[in-house]
Amino acid sequence: QKEVEQNSGPLSVPEGAIASLNCTYSDRGSQSFFWYRQYSGKSPELIMFIYSNGDKEDGRFTAQLNKASQYVSLLIRDSQPSDSATYLCAVNFIDTGNQFYFGTGTSLTVIP
Amino acid sequence: DGGITQSPKYLFRKEGQNVTLSCEQNLNHDAMYWYRQDPGQGLRLIYYSQIVNDFQKGDIAEGYSVSREKKESFPLTVTSAQKNPTAFYLCASSQGVFNNSPLHFGNGTRLTVT
Numbered sequence: 006q007k008e009v010e011q012n013s014g015p016l017s018v019p020e021g022a023i024a025s026l027n028c029t030y031s032d033r034g035s036q037s038f039f040w041y042r043q044y045s046g047k048s049p050e051l052i053m054f055i056y057s058n059g060d061k062e063d064g065r066f067t068a069q070l071n072k073a074s075q076y077v078s079l080l081i082r083d084s085q086p087s088d089s090a091t092y093l094c095a096v097n098f099i100d101t102g103n104q105f106y107f108g109t110g111t112s113l114t115v116i117p
Numbered sequence: 107d108g109g110i111t112q113s114p115k116y117l118f119r120k121e122g123q124n125v126t127l128s129c130e131q132n133l134n135h136d137a138m139y140w141y142r143q144d145p146g147q148g149l150r151l152i153y154y155s156q157i158v159n160d161f162q163k164g165d166i167a168e169g170y171s172v173s174r175e176k177k178e179s180f181p182l183t184v185t186s187a188q189k190n191p192t193a194f195y196l197c198a199s200s201q202g203v204f205n206n207s208p209l210h211f212g213n214g215t216r217l218t219v220t
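Order-wise, the sequence lines are chains A and B.
So for the first sequence, my numbering puts the first residue at 6; every next one is plus one.
So for the second sequence, my numbering puts the first residue at 107; every next one is plus one.
In short, the hints are calculated from the structure, not lab data.
Among these hints, one or two may not hold up.
[What the hints assert, rightly or not] Below, simulated DSSO-like cross-link-like pairs (lysine-lysine); rule was C-alpha separation at most 30 Å, straight line:
id	chain 1	residue 1	chain 2	residue 2
1	A	K47	B	K177
2	B	K120	B	K163
3	A	K72	B	K120
4	B	K120	A	K7
5	A	K72	B	K163
6	B	K163	B	K177
7	B	K176	B	K163
8	A	K61	A	K72
9	A	K47	B	K189
10	B	K115	A	K47
11	A	K7	A	K61
12	B	K189	A	K61
13	A	K72	A	K7
Everything numeric in this text was worked out from a predicted model, so none of it was measured.
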């Protein structure tokens, strides 16, 4: 059984701070890793994807991947109230024919 | 603009009725997916399809059926056999198996069965 785990939160940070979101997964054969943001009542939207070990930066967002530890994280710098949402971690396991497995999401609140 | 269109946005049905949710994409993606999301929960895979005329069950396929007669379309039927059909249903697509490409989502259909 493929598993993707996230702390459900809620995570609260003050405006301007760094928010750190974490995700672990069960299978070393995982290939691709994605972070989605979901506002209440809306569909998920892609924030970042990462395939290789290390850091990947895009604006205020940084994804970090450590395949040996089966761990992927998302850092949000200079957090804004508009970042308040649920963040979903998704993993594409290589041996399941392109199936995407999702964690339950971490709820983030940025306090003005 | 390319995207995924789900319809309707809201759907209300009586218990015991089958209902079909529409999903159309014009992204020329090979793979399409149906997920279900319950309040406070993550996304659970119902069915997915990598190519036309082929599809596979996900983790919670019981009580659901799909078809993939055209590349652009992947309708989901919620049958009366589905015990708890009230949920938010999300259709998604990706380029395919060998592309490491992400999922792109439609806006979802919120189904309420009473």
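- Given hint K189/B paired with K47/A - CA-CA distance at most 30 Å: With Cα atoms ~24 Å apart, K47/A and K189/B stay inside 30 Å; holds.
- Message: Tell me if the straight-line CA distance from K47/A to K177/B falls inside 30 Å.
- Response: holds, 25 Å
- Message: Can you confirm whether the C-alpha distance between K120/B and K163/B stays at or below 30 Å?
- Response: The given pair, whose Cα atoms are some 26 Å apart, holds under the 30 Å limit.
- Within a Cα-Cα threshold of 30 Å, do K7/A and K61/A meet the stated pairing? Holds: K7/A and K61/A sit about 25 Å apart, inside 30 Å.
- Does K115/B pair with K47/A here, judged by a C-alpha cut-off of 30 Å? Measuring from Cα to Cα gives roughly 11 Å; hence the hint holds.
- Message: Please verify whether K72/A and K7/A have alpha carbons no more than 30 Å apart.
- Response: At roughly 15 Å apart (the allowed maximum being 30 Å), K7/A and K72/A satisfy the hint.
- Message: K61/A and K72/A were given as a pair; does the straight-line alpha-carbon distance stay at or below 30 Å?
- Response: holds, 14 Å
- K163/B paired with K177/B [C-alpha distance capped at 30 Å]: holds, 18 Å
- Message: Check the hint pairing K120/B with K7/A against an upper bound of 30 Å on the C-alpha distance.
- Response: Distance ~35 Å between K120/B and K7/A Cα, so the pair is violated.
- Item | Hint consistency between K176/B and K163/B [alpha-carbon to alpha-carbon, up to 30 Å] | The given pair, whose Cα atoms are some 18 Å apart, holds under the 30 Å limit.
- Does the structure keep K189/B and K61/A at a Cα separation of 30 Å or less? violated, 43 Å
- Mind checking the alpha carbons of K72/A and K120/B for me, to see if they're no more than 30 Å apart? Distance ~47 Å between K72/A and K120/B Cα, so the pair is violated.
In terms of the numbered hints stated before, the structure departs from hints 3, 4 and 12, listed from lowest to highest.
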